[in-house]
Every structure is written in structure tokens, then in C-alpha cells.
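Visitor: Chain residues, written in single-letter form:
Protein chains: 2
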Amino acid sequence: MAWQSVPVPRLEGVSQEQFVQHLYPQRKPLVLEGIDLGACTSKWTVDYLSQVGGRKEVKIHVAAVAQMDFIKLYLLISWFRGQLKKSMKNSLFQSILWIQSLLHAAYKDISSYGHQRALVERDEKYYLRSLGEDPRKDVADIRKQFPLLEADIKFPKFFKEEQFFSSVFRISSRGLQLWTHYDVMDNFLIQVTGKKRVVLFSPRDAQYLYLSGTKSEVLDIDNPDLAKYPLFSKARRYECSLKAGDVLFIPALWFHNVISEEFGVGVNIFWKHLPSECYDKTDTYGNKDPTAASRAAQILDRALKTLAELPEEYRDFYARRMVLHIQDKAYSRNFE
Amino acid sequence: MAWQSVPVPRLEGVSQEQFVQHLYPQRKPLVLEGIDLGACTSKWTVDYLSQVGGRKEVKIHVAAVAQMDFIKLYLLISWFRGQLKKSMKNSLFQSILWIQSLLHAAYKDISSYGHQRALVERDEKYYLRSLGEDPRKDVADIRKQFPLLEADIKFPKFFKEEQFFSSVFRISSRGLQLWTHYDVMDNFLIQVTGKKRVVLFSPRDAQYLYLSGTKSEVLDIDNPDLAKYPLFSKARRYECSLKAGDVLFIPALWFHNVISEEFGVGVNIFWKHLPSECYDKTDTYGNKDPTAASRAAQILDRALKTLAELPEEYRDFYARRMVLHIQDKAYSRNFE
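The listed protein sequences derive, respectively, from chains A and B.
Following my numbering, the numbering of the first sequence begins with 544 at its first residue and continues without gaps.
Following my numbering, the numbering of the second sequence begins with 544 at its first residue and continues without gaps.
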């Protein structure tokens, strides 16, 4: 099935003023071309990164299939936990290579899971996302964790420094597809090397995405199981291809699915759109809902618990009335 | 526009056992024919009622147009308040006649409202719904308020006496249309004399009915303003005609719109479907939501107040997520 999609607009040579005054308030995705990103787009080869990447501990996701999914990842990560600790002492690129060979060695052992025999396939993918020093407390900042790389990259200076939240180093193998999800921060995805295809969905289309937390359950967005996810075809797809040097602006709450068409290095920078106090203080990934939203969700759960005192027929009816009330009181009238 | 509608099934000679065992659990409207209702269907002429109806105080709704609406009624009732007090001392039928002449006399006075000049039209309708002794505390019970009429009518003995909630005496002039609304009790609408057309909607279709409290804002259901109420055409209409002697079972929560095709007298009997403690103790009309539903609605309002701390874009998104959560957790999977 060929999907119709809306191309994400591409703009070249956008100034800080143009962006902040005219583009940013529209809260729509945008590809910025010709932004001065420094030497990284030419310098960051695998050889170079292997040399200067340092000996940081890294966490590498290994996916047996292109569309990473949580359960399989969890099992693999559990399996690798002991081994990974050793790998952490290697440079990040050595780690990747090591993980790859480890994965091959793992076939026999993994098969002892029996019913998960199909977990590991020959075309496994890997994916690195940098973290803070203590991932539970610190945000990722490429300038702190990879100081030798800092001089190579310039962040687009579109926001105030106090809006900065994190900068995340990402390396992904060819074919890797990162599940559709949203972040609560504004996001500049800098494609340093390699190519990506990014499919985005508006926050308005959340109801078609079969969400589980911040993630969509529809993993294979190009060949979705429409019997299982019939509403997915209603979601309007926005799409763009990123080449080295492109910067994709992903507004907070916009869903994005990222497919690496080539091995590539990316950096993404999260910026706060809301006042700092709106965000969850314990959020190091930029994907915990603003505290007011989390509190509202908790209160809603109490309302549903109360409603559960009624028989099904009544619960259903008053749940529908609650939905109408929310739509009336809290939905935006500014439809695009 | 001719509306497609589903005819409400008609069943003759249904026994108590058949009803309770097989029909009642389906929670669908049903016209019962041939139920023994006593002598009322032949005896309750206007003359007879005027004689034996007693000198009860009654409250009569006066509508300037066939589709009663709340604002106009309120103004008329305000205007009549002083006069009505006198009318209360009359028998109910004298009251109706008196109200009619009063209405004519009122044209000049009402016109002093100026901007409400269009309120009173020549084809005004009237409508009586009996109330308890003290309408704020007591439920209507035809057996108590109109003891002289009691012997004439037999209530269908389908439920246990402890399930009885109220019996309501209704008189309506030809052409009167009672707004689409739901009650929280099961309802036997007994057509004693005259003819009615009743249009019903499933509780599942609440989202198409533009509700305000328990009432639909769409007053003219046969010629709705689809520019204002575009979703209304999606509501599935169930329809039936009631003649003298018919009993319409309206399950709790089912919306109903009642059009009097002739001057007629009806009695409806409300029965509790839920355990008594589920209902609002202050409810004398049978239209206050069960307490668990009201509490859930109050809690929801707190959740929405919390959500309102966020800017519109976020509020909209998290409101949509709340809706998805409610649909997931509280909607019935048993779709008809």
C-alpha cells in the first residue's frame, strides 16, 4: 500500500529571527537547510569517532528486526546485561562492533529461551543513544559526555540558552527504525552524516496511533496490520528525507518515526518550550509528560475508579458523557 | 428530509416472566400491546378528569411553539408566576383552560419585554406533568396525588414493588413535542388516551445529540438545523407510534422525544433498575445521574482544572489522551 503523505516544508538559510518570529509559533515540523553546523558533517567518520569518541560508557540498543519493539529489546538487553558491563569500558564504536559479534555468538544461548527462538534474526540492527553521566539524574549533553567532539558541532542558536534541555548523540545502523513516539520538548534533529527518512504525525492524530505511553504500538508504519490497527490509516502522514547537514524541527508532542536509510550519526537537541517549572524534574529523556498533565491523568483515574462502581451499561454511558465534556471543555477550537 | 428509522418492536400479550427473563435484560425499547391497564383507557375523558381530578395544585408548562425550549419557558413561567399561584387552586383542567385564556391576555404585557416580542405565538401548547406534594422532596405518585383516579388504572406488574420509583400523570395538547432527554430510571410510558409518536436514541449515540445536561439541544428533530448540529444525522432513530392502551418500555438512559399527535393523557411509571443506594436521594424527577456518575463528573472537573494550567496546544493533546484512556478503560466492548 502506498501511503499519501504531506511533505514537510524545507527552508534554506532561515535566520534566528525568522524562525522565532514566524516559523516557531506555527508549531509545525520543518526541515532547515544550510544551517552552520560546524565541521561535524565532514569530520565525523567512523574512524574519527572511534579515535576521539573517548571511552565513555554507552548503552546500545540491539534490535533483531528493523522495527525495534519493547519486549524483544528487553529480553535481549536482559541477556546482554552481564556482557554489556564489560563492553562499557570499550570506546563506543568498539562496543558496537563487539555487540555485533556477541550477537552472533548469542544465537545458541538465546535459543535456550525456547519459545523466543525467533527473537534473533540475521539482520539485527543496533542503535546508540547517549545518556547523562547518571542516566537517572543527568540529561545527555554531548558537550559534557563527548568533550572532544564538542568543537566540531555548532548548535543552531535559535533559542535562549536557558531553554536548552539536552543534546543527544545517536548512531544507528542502516535500516533501523525507531518506533513512533513523541517527546515533550521541542527537538532539533541534526543529521550529521547518513540519511534518514522521518514520518511525522500531528498530536491531533493521537487517536489513530494506538498509543502505549509515549509510543505507538504500530511498529511497521509502512505495512501496518490494518486488521489490528484499522484507525491507523486515518492518521495524516508528514514525511521528509534528511541528508547530512539537514536539521529537522520536531515540535513538542509531534509524533515521529525515524528510519535510518544509511548508517549515520545524528545529534538532537531538546529545547524547553514551556516554562521550566512545567516539566517533570525527574525527566532526563525529555519524554515525561508535563506535571500538570500527569496530575490530571491521575485524577482522571480516580474518576474512572468511581465510575467503575456502576454496572457496565451505565459506566459506558457516563464514560461517553465524560468524553463529551472533555471535548467541550479542553479541546482546542483552533483546528488546522 | 425523510429520516430512516428503526421501528421499535411491538409485542402483544407479554407475560411478566417473559418480560423479566428475556426482554428486560436486552435493555432495548419495546412497545407492549394488550396489557391490562384497567378502565382508564375508556374512562379518562376530559369531562371525567375535570370532575374527579380533584383540586390538586398543578404546574403547567406553556410553550409558545411546539418544540418547548428552556429559555422561552423560563420567561413565560416567570411572567405567569404571580398568576399561577391563583390558578393552583383550580382543578387541573380548569387550570389548563385558564392558562390558555391568560396566555391570550398576555400578548400585550409580554410585548413589554420588547426583545422577546417573538416569544408568544398564536399556536401555544400546554403540558402538564404531575409532581409530588412537595416537588423538592416527594416523588409524583398518581395513587397519592389523584386517589380518585387510582382505581381506574392498573400498573403493569412486571417489577417488584420495591423497585417502584414514581408514577407521573401527563396531559399534553396536540402538537406538543417534549424535548429529547434521558431518565435514569426504567420507564413504562402508558398511553391512556390519544396518540403519541416517540423517537428514541440509544445511550451509545449521546455524542450525536448535543446534550445540555440530560437534554438534547436539537429541538426540532424532524427538521434539525444540520449546519448547527451536523452530527445529529448520525444518530440512529428508533421510532414508534403509541395509541390508547399501548405501553412503551423506555430503558434507563435511552433518549426519547415525545410528540403528541392528539390531545392525550399518559401515565408513566419509573422503576429502579439499580440498587436504591445508587440513586441520588434528592432526585424526585428520576433524572439526576446516579451518585457515582455525578462524583466521577466532579472529579473529572478537577482533572480538567489541572489540565487548564497548560497552554492550549498541550491541553488539547492531553485532553485527547484522557479521552483515549477513558475509551480504553470504561467503554463497553459489547457493541450492539
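In case anyone wonders, no lab produced these hints; they're calculated from the structure.
Be aware that one or more of the hints could be misleading.
For identical chains, the list gives no copy identity; a pair is met inside one copy or between any two copies.
Claimed, not checked - Within a straight-line C-alpha distance of at most 27 Å, the following computed BS3-like cross-link-like pairs (lysine-lysine) qualify:
#1 K848 x K815
#2 K758 x K872
#3 K777 x K571
#4 K786 x K771
#5 K680 x K786
#6 K872 x K771
#7 K777 x K586
#8 K703 x K771
#9 K824 x K771
#10 K872 x K786
#11 K872 x K687
#12 K872 x K848
#13 K586 x K680
#14 K777 x K758
Visitor: Against each hint, give a clear statement of whether it holds in the structure.
Guide: Taking the hints in turn, this is what the structure says about them:
For the identical chains of this complex, K848 and K815 are inter-copy neighbours only, at 23 Å across copies versus 34 Å inside a copy, given an alpha-carbon limit of 27 Å. Within a single copy, K758 and K872 get their C-alpha atoms as close as 26 Å, and across copies as close as 18 Å, so both meet the 27 Å cut-off. Only within a single protomer do K777 and K571 lie at most 27 Å apart by alpha-carbon distance; the minimum there is 19 Å, versus 33 Å between protomers. Taking the shortest alpha-carbon separations for K786 and K771, neither the intra-copy value of 34 Å nor the inter-copy value of 48 Å comes in at or below 27 Å.
When the C-alpha separation of K680 and K786 is checked against a cutoff of 27 Å, the pair qualifies neither within a copy, at 33 Å, nor between copies, at 74 Å. Proximity of K872 and K771 under a CA criterion of 27 Å is satisfied inter-copy only: 18 Å between copies versus 31 Å inside one chain copy. In this assembly of identical chains, the alpha carbons of K777 and K586 never lie at most 27 Å apart, being 42 Å within a copy and 61 Å across copies at closest. With identical chains, the CA atoms of K703 and K771 are never at most 27 Å apart, being 44 Å at best within one copy and 45 Å at best between copies.
Proximity of K824 to K771 under the C-alpha cut-off of 27 Å is found in neither arrangement, the shortest distances being 37 Å within a copy and 45 Å between copies. For the homomeric pair K872 and K786, neither the shortest alpha-carbon distance inside one copy (43 Å) nor that between copies (43 Å) is at most 27 Å. Taking identical chains as interchangeable, the C-alpha atoms of K872 and K687 are never at most 27 Å apart, the minima being 44 Å within one chain and 43 Å between chains. Taking the closest pair of Cα atoms, K872 and K848 come within 27 Å of each other both inside a single copy (21 Å) and across two copies (10 Å).
Proximity of K586 to K680 under the C-alpha cut-off of 27 Å is found in neither arrangement, the shortest distances being 31 Å within a copy and 83 Å between copies. For the identical chains of this complex, K777 and K758 are intra-copy neighbours only, at 17 Å inside a copy versus 32 Å across copies, given an alpha-carbon limit of 27 Å.
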